[in-house]
Every structure is written in structure tokens, then in C-alpha cells.
Amino acid sequence: MLTAESNAGKIGLMIAAILLFAAVVGLMLFIATLVRGRRTDRWTAYIYLLPTLLLLAVGLVYPGLRTIWESFFNAAGDAFIGLDNYKTIFTDGDQLTVLRNTVFWVLVTPFVATGVGLLYAILVDKSRFESAAKALIFLPMAISFVGASIIWKFVYEYRPDQGNVKQIGLLNQVLVWLGGSPQQWLVTSPLNTFLLIVIMIWIQAGFAMTVLSAAIKAIPDDIVEAARLDGVTPWGMFRFVTLPAIRPAVVVVLTTIAIGTLKVFDIVRTATGGQFNTSVIANEFYSQSFRSDNQGLGAALATLLFILVIPIVVYNIRQLRNSEAL
Amino acid sequence: MTTSAPPATPLPVPVGESTASFAKRKLTSPWASLAAVVIAILWTLPTFGLLVSSFRPERAIKTTGWWTFFSNPTLTMDNYKAVLDADEGAGLGAYFVNSLVITIPSVLIPLTLATIAAYAFAWIKFPGRNILFLVIFALQIVPLQVTLIPLLTLYVDAGLANTFWTIWLSHSIFGLPLAIYLLHNFMREIPSSLLEAARVDGAGHVAIFFRVLLPLLRPALAAFGIFQFLWVWNDLLVALTFAGGGDKVAPITVALANLSGTRGTAWHLLSAGAFVSILVPVTIFLLLQRYFVRGLLAGGVKG
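Chains as they are written, first to last, in numbering that gives the first Met the number 0: chain A, 0 to 325; chain B, 0 to 302.
Read the hints as simulated data drawn from the structure, not as lab findings.
Everything numeric in this text was worked out from a predicted model, so none of it was measured.
Built from N, CA and C at the ideal position, the CB exists for glycine as well.
Hints may be right or wrong, so weigh each one.
What follows is a set of in silico ranges between Cβ atoms, one per label pair, in the way DEER data are often shown [to be verified]: (1) A:R317 x B:L74: 54 to 64 Å; (2) B:L74 x A:I67: 51 to 61 Å; (3) A:R317 x B:L193: 27 to 37 Å; (4) B:L193 x A:L26: 57 to 67 Å; (5) A:E129 x B:E57: 37 to 47 Å; (6) A:A21 x B:R217: 12 to 22 Å; (7) A:D93 x B:L44: 32 to 42 Å; (8) B:R217 x A:N163: 51 to 61 Å; (9) A:L33 x B:P218: 29 to 39 Å; (10) B:T63 x A:D77: 32 to 42 Å; (11) B:L44 x A:L26: 18 to 28 Å.
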């Protein structure tokens, strides 16, 4: 009942699971209707929330706290070592490279992706091909990080520079056409980290464009009109009208991409496996936890990820509050 | 930004023109168009190159660039046959089925539970409502990485390791906070008079939900449904942690990532495999794009 081998068996298992789930939900709703008395509503709410709260407590709250606790233990998880894992992260040479790369990712990705998204949103706004043009930039969002990494690895593909060997990667071919010699792009550090960042930018620009385009279209016409009558230049229009009006959206986009970038590990794993000095915290967490069997260090890296997310979220919320207060 | 000096007098702008189009029009149009075309090409060409390659014979892929296809076009479906076939290729077929089996319940379960929870938060008054909602809202920021090892330990202890059940459970749990937040936001915008009217008529919660709310909620449900679908279908981390290797449970992303790691130069398999995995999410995405956009604008972002 728990596993299935054949394709038909798997689909049967899936249908059985869905039916089981439906029965549980039905039972829950039925029990809620049995509640009678003065505090009916209260008990109905608790019954409705019970499965959700149970799942979140067991699946998010408990494991989260457990991981933070385990980050103070050694590799095998059987001896308390205080802050030593964190000391390793901030002093060990390899780990410092990981931190440096993570800083590159989190600083570069949000700003470039948002910049490209904003520029493109402005360029195609109200053009004849707007929706088709947007779909082109938008589509990478539907592609998995794994798929995107394979697409870009093919762009970066390298063939040795000898005799009649032809390049099959677009980037090297362009370089050859321009008279250069092909490079092993993904091997050269720190350039390779930036080439991996390109993949994330490629995926996130569509998100930035969508949100910012909607924000631009929401700017009231009378503001634009007034600025125009004042004779502002195009740059002035952008700088003093568009940008202030969409500032809250820009902050949301920047912070959202920053958080997503902090947690992404699929790109590094698929493109280089973290070799050639390309690892980031999210990938290093996986390597330490599952490959090197260093539970403690893995837990510390996960906790660090959590800690790094918090200031970004706080900044985001404060900015939203400020913009609502105006 | 401009190539010419700004004019001394403001140009007339048609009524209803946005700041963006105003700025764009004055950014000396040819350059603006060129920039847009360059970005569009940069964003499309990598995918296009791999797509073309996936239909070229193995030998051609390995010896010449995909751009030579246009001077010497040869088409074949062999790469797709090879990558799907279990005996001689990567056997992606079984992984593709796994992806479907993983994704469908992983969308339905959190969608249902979150709808019920969001209903309670939006329309029932009970002690602790605000604090509980705040906690769930805050849980959105917990990185999955923090939860994986203890969850894995729990699953192993329960004897569920490497089954679909652990993946369904995990994705459902990870999807709940965002789903509740999104659906709650939508539900709060429904006028309470509608619900009051139904209540006066003697309808219970379940009746109110199915008769009054469900039709209005369809866009919100669709929005979260697409998010969760894309998220689960494209996920690698959760699957790597809980599904184990082999084609019993692991989804197509795991198979592709492994293929990329072990046979990184087998571009005839990688290109076809990538497009087998991309086909489903891109189709869903294009069909339901407007719900996706609506969800994005309502704050539906997850990581």
C-alpha cells in the first residue's frame, strides 16, 4: 500500500492517496457540523485549522528549531561544540569562498534582474507586440532551475582549441568569430560564479518585469499629465515621476529576488556541482549534510541561511509600512 | 540616455499615455527598439539553441554548433526516443510519470487545507486568530533547508522513507503558509454582506463555502494552483532529499540533474531530456498565464 513499482501502480497509488485525503477532509468537515452550543464558531474554527496547524508544527516549526539546536553539535551530532561550526564558516578557507560567492549572488542578481526587467517593461510598454514581447522574457520562469542550468551549460560549452575541432557552445563560438580563443568558462573562478548568476538573472527578470510593468500601468494619468505640462525631460519623468511611484514595487521585487537567490542551490549543483570555487551557502548545506556527513556544519549553514533572510524580510516590511503611511 | 538634446518645449503627449511610454518615446525610438530586441534575443536564444539541438542527430550535435543546422538541416526524433527509453537511454519515461504522481496530490492537498484554514481565518472569529495568522505568515520565510534533516529523520523513523508519501507530505507542508496567506487576502476582499445573507438563510459553513465563496475564489485557487504546480514540478531539493535515487519515486528533475552530473557532454540526451521536463510546466504556464500574473501581483512568491 505504501509503494508501487509499475506506472499503473503509481497512478493507482496516487488516486488512492487523493481519495484517502478527501475522506479525511470530509470527516473533518462533518465533525465540525456536529459541534453545538454557545461557542460553536470557535470550535468550528479550531477543527478547520487542526490539520494545517498540525502539519506546520511537525513539518516546519519542530524541524526548524531542531536544526538550529543541531547547529551547535559536531559532525556526528553527538557532542555539543558551541559556536565552533559558525567559527568554521567564518574562518575556514573553503567556507569563506562560499560566503564570498553568496555575497556576489545576493548583490548582483536582484539589481541586474530588476534593472533588466524595469528597462524591458518600459521599452515594450504599450508597443504593438507588448504581450508577445513580455512572454519571451516571462517564459524562463516556468522552466526549472535544472532545465535552465542545462540550457546555459550548453551556451558555455567548451571544445579544445585545436585544428578542426568546432565549438558547439554559442559563447565560445561568438568569441571565435570575434577572433578570440575559446575559454573553459565554468572552470575559471571567480568568473564562473558570475556566469552562474546569469542563469538566475535570466529566470528572475521576467518576474521583475511583470510586477514593475503592472506598477507602471497603475500610475495615475493626471500625475503624468502634470509633469508633462511642467516640461520634464524623459529622464526627469523617469527619475521624478515613474521611479517614486513604483518604488514600493521595486523594493518588493528586489527583496523577493534576493531571498530567492539566497536559497537557490539547483543552479550551482547542476551546472558545476559546486566545484571550481562556485559553491554557495545553499549548495554547501547540501554537500555538508548529505555528502560529507557533517550534520553539525550543515545545520549551521541552514541556520545561517535563515538568519540572512530575516533582515531582508524586515527591510521589506518596513518599506511597505512607510509607503502605506504616506 | 538620449542621443539628442532635450527639446526646449514639451512635446505634446496624447491623453492617457503612461509615464513609461512617454519616457520611451522620447528615448529616441530606434535605440529603444534596438535595446528591446537585444534583450528579447538574449532571453530566447539559449533555449532556442538547445531546442534545435534536441532534434539534431547525435553526431551533428557533438561536432558542429546548432547554428549550422540552418545551412545543413537534418531532423531526427532519435534523441527523444533514446532519452525516454529505459534500456539504452536515460529512461526518463518512468521519472516523468513520477513527476506527475508527485505533483498532482502536492497541489490538491495544500490547496484544500489552505482554503479551509483561510476560511476560518477570514470569516470566523475565535480567540488567538490574529496571533496564529501572524505565525503562519511568518513561516513563509523559513528556508526549506532548515527543515530537511529533522524531517528526514522523522520519515525514516515512521518507515516512510523513499516513498511518494513523504514527498506529498513535504510539498504540502511547505506550500501551506503561502497558500493560506494568498487565499486569506482574496477572501477578505469578498463583501461580508454576501456571507451574512447566506447565513441568515440558515446556511452552514460548508454550504456557504460551496455556494457563495467557491465561485468567487476560482482565480485565487488557480493562481496558487499554478504556483504550487510549477514549484513542485520544478523542485530538485525536496526530491533529492526524500525520494532517493532510482526511478521508483524520483521525479524528472532529479534524473536530469544526475544525467548532467554523470554524462555532462551527452548533449543529445540532455537537450531532449530538458525539453521533456520543460514541456508540461510551460504548457500549463501559457494556458493559465493570467492567473499566474494575478497571483504574482497579490504577493505570491515562494522560495
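Hints, verified against the model:
For A:R317 and B:L74, the hinted distance range of 54 to 64 Å is satisfied, since their beta carbons lie about 56 Å from each other. Look at B:L74 against A:I67: about 55 Å separates their beta carbons, and that is inside 51 to 61 Å. One distance hint, 27 to 37 Å for the beta-carbon pair A:R317 and B:L193, holds here, with the actual separation near 35 Å. Between B:L193 and A:L26 the C-beta distance comes to about 28 Å, which lies outside the given range of 57 to 67 Å.
The supplied range of 37 to 47 Å is met by A:E129 and B:E57, whose beta-carbon atoms lie about 40 Å from each other. One distance hint, 12 to 22 Å for the beta-carbon pair A:A21 and B:R217, holds here, with the actual separation near 19 Å. For the pair A:D93 and B:L44, the beta carbons lie near 35 Å from each other, so the given range of 32 to 42 Å is met. Between B:R217 and A:N163 the beta carbons are some 60 Å apart, a value that agrees with the proposed interval 51 to 61 Å.
For A:L33 paired with B:P218, a C-beta distance near 33 Å keeps the hint of 29 to 39 Å intact. Checked against the given bound of 32 to 42 Å, the beta carbons of B:T63 and A:D77, roughly 57 Å apart, lie outside it. A beta carbon spacing of about 54 Å between B:L44 and A:L26 contradicts the range 18 to 28 Å that was offered as a hint.
Of the numbered hints stated above, those contradicted by the structure are hints 4, 10, 11, listed in ascending order.
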